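Undergrad: Going down the list, the protein sequences come from chains A and B. 160 is the number that the working numbering gives to position 175 of the first sequence; each next residue is one higher, with no gaps. 224 is the number that the working numbering gives to position 239 of the second sequence; each next residue is one higher, with no gaps.
Hints are computed from structural coordinates only; laboratory data are not their basis. Hints may be right or wrong, so weigh each one.
Identical chains share a label here; the pair holds if one copy fits it or two copies do between them.
Said to hold, decoys possible - In silico lysine to aspartate or glutamate, DMTMM-like type, Cα no more than 20 angstroms apart, as pairs:
1) Lys282 / Glu17
2) Lys250 / Glu299
3) Lys92 / Glu299
4) Lys282 / Asp154
5) Lys176 / Asp156
6) Lys250 / Asp94
7) Lys92 / Glu236
8) Lys92 / Glu17
9) Lys282 / Glu151
10) Lys250 / Glu280
11) Lys92 / Glu224
12) Lys282 / Glu123
13) Lys250 / Glu151
14) Lys282 / Glu203
15) Lys176 / Glu151
Note that this is a predicted model, so its numbers are computed, not measured.
There are 2 protein chains.
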Amino acid sequence: MILNFDDVLAAAKRIHGVAHRTPVLTARTIDELTGAQVHLKAENFQRIGAFKFRGAYNAISQLSEEQLRRGVAGYSSGNHAQAVALAARMAGVPSVILMPEDTPEAKVDATRGYGAEVVTYDRYTQNRVELGERLAAERGLALIPPYEHPHVMAGQGTVALELLEEVPDLDTLLVPIGGGGLMAGCATAVKAMRPGIRVVGVEPAAGDDTKRSLDAGERVSIEVPRTIADGQAADIPGEMTFSVNRRLVDEIVLVRDEEIRDAMKLAFERLKIVLEPSGAITLAALLTGAAGEVEGKVGVVLSGGNIGVRRFIELLGS
Amino acid sequence: MILNFDDVLAAAKRIHGVAHRTPVLTARTIDELTGAQVHLKAENFQRIGAFKFRGAYNAISQLSEEQLRRGVAGYSSGNHAQAVALAARMAGVPSVILMPEDTPEAKVDATRGYGAEVVTYDRYTQNRVELGERLAAERGLALIPPYEHPHVMAGQGTVALELLEEVPDLDTLLVPIGGGGLMAGCATAVKAMRPGIRVVGVEPAAGDDTKRSLDAGERVSIEVPRTIADGQAADIPGEMTFSVNRRLVDEIVLVRDEEIRDAMKLAFERLKIVLEPSGAITLAALLTGAAGEVEGKVGVVLSGGNIGVRRFIELLGS
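Bound-form chain A, shown alone (with noise of 0.2 angstroms):
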C-alpha cells in the first residue's frame, strides 16, 4: 500500500503546533441553501493560506539529516512553492523553488519571501517534473513534489482527519482533485474512520482529468485545462493519487467556472471569507447541485484563498 491510515496519524503527530489546526464553519445561510447541514473546514486560514503546507511539512519533517543539511527543491506556479518555502524555513533547511517565468510576482515574492531560493523556466517549452529531478539531482536536493509522494499525501490527509474528529458522523464529505494529492490522504483517512462516508471528488469541467481516469479504469491525459480553478489544472492524474483515489473515492462531479465565480461570491458576501477558485469548488459543487442530492451531515474541504484583489476583481468584476 503506497499510503494507508497510520501514515495520516503519523503526519498530524508530526504538523501538530506547526500547521494550523483550521476551524470547521457552519452558516445557516449554506443549510437553508441546501437544505443539509453543512460543515466547511477552511483550509485558506492555513499556513501560507491553503492546505498544501501539511503535506509539504510532513515530508520535510521526514528527511534524514543529510538531506535536511543539503537543502529540499520543490516545483510549483502556486501553493505548493510556498508551502515547501516555509516547511524549509521552519526546518531550518535552504529551499530551491522553480516557478514558472510567468509566475505573478506577488507569488515569486512570497515564496522568496520565505527565504527560497526561485529558479524560473518557461512552462511552454520547459517540463518542470525533469527539470525538478535534474535540479535536485545536480545539488543534491530532496525533491518534494506537490502530490507524488506519500508523505505529501499523508499530510494532506490530516484535513479529513481534524474535519472527522470534530464531526466524526458525516454521510459525505467534498474534495477538490487537482493532482489528487489532497484527495488520496483524505479518502484514506474517511474510509479508515468511517467506510460508509460518501467521498466525492470535485474537478473542474474543462480539468476532467481524474473523472476521466477512472471512467476508463486507467490514467488518462487530457489538454492542459483552461480553467479559472489555477490550483487543478492537472492534465492527467499522479500515479500514486490515481492508485489510491480509484479504489477509495466514491464519486467525482464536475462545476463550470461560472459556477466557482458564484461560490467565491457567496463565500465573500456571506460567509465573509476569501476562496481562491479551487477553494470554492467544492462548495460550488454542493450549492449547484452537481454533487448529487445531498442529506444529513455534508462535509465541505475549502482548500486554499491565496487570491489577490486585483484578480479577485479580474474574476468577479464583470
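Assemble chain B onto chain A, guided by the hints.
TA: Here is chain B on its own, set in the frame of chain A:
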C-alpha cells in the same frame, strides 16, 4: 450611571447561545508588521455580519410582554436594520424598519428577508429620529435606536468582554466609533475589568465628531461626513454614548479612507477575511501608526463585514 459593568455581564447572559461568540484571530503577518501581539475580535463573523446584533437582541429581550406583543421599530440604512429585524424575528416579535429610499436593494431585501416591514423615507428632507419616534408612537412599537439606549450599549459591550475573557492582559484596545455605542459598551467593560488597558477610539478623518467633541469637552456637530466608512458617518456623538465615552476613552485617532482601503486589502489577501470599511478602520489605525506606538498585546475590534462584491470592487478596483 447610564451604563455599568453589571449591565454588560447581564447582556452577555442574555445573548449567550443566541449571538455567535466570534473568534479572536491572530496572524503572524500582522504581528510582524506592527511589532505587537495583535488579537483581532472578528465581528464580521457575527450574526447579520456585524456586532449590531448583540445590542439589538439585548434590548429586545428586555421588553415587556405587552411591548413584545406590539412589536418593535428601528431606523438604519445599515447593519442595525438587519440586527433589529433578526433579533425581533428570533423573539417572535413583529418589526418595522425605517430605511432611506436610496438604500441598496440588497440591504432592503436582507432586512425584509428577516421578516421586517420596511418603510422608506427621504434622508435628505426627513429626520429619521423624528420619523422613528412618530412611527413608534402611532403604532405602539418599542423603538430600538442604533446606539442611544443603555441596553443597546450594554449588548455591544459584550464584544470587549469576550475578548478580555480570552486575552485578559491586553495593553491597548482599538474600537471603531460611529455613534459611539460600541465604544461605550466596550470601554465600560474594559475599564471595569482592566482599568490599565489604553482604550483608543478610531474615527474616519472626515467624521471626527467624537474627537472634536472630546477636545471641546462637549458634543460638537460637524458636516455630514463623506467617507467610505458608512458605519461611521455620524455628524454628532450621541448624548448617552458621549457621556460614557468622555469619561472612559483614553484617546481618539483618525484614519483616512485610503488607509481603510489598504487595510481591507490586507485583510482580504493575508487574513482571508472580508471587512467592510468601518470594520477595517481599527486595523488601519494600527498598521498606519495612527494608533501610536503600540507595544505588547493589542486588541482590535473588527466590527463588521457587510460589503457586497460589487461595492468592494468599486472601492478597491482603481
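Undergrad: Could you check the structure against the hints above and give me the numbers of any it violates, in ascending order?
TA: 7, 10, 11, 12, 13, 14
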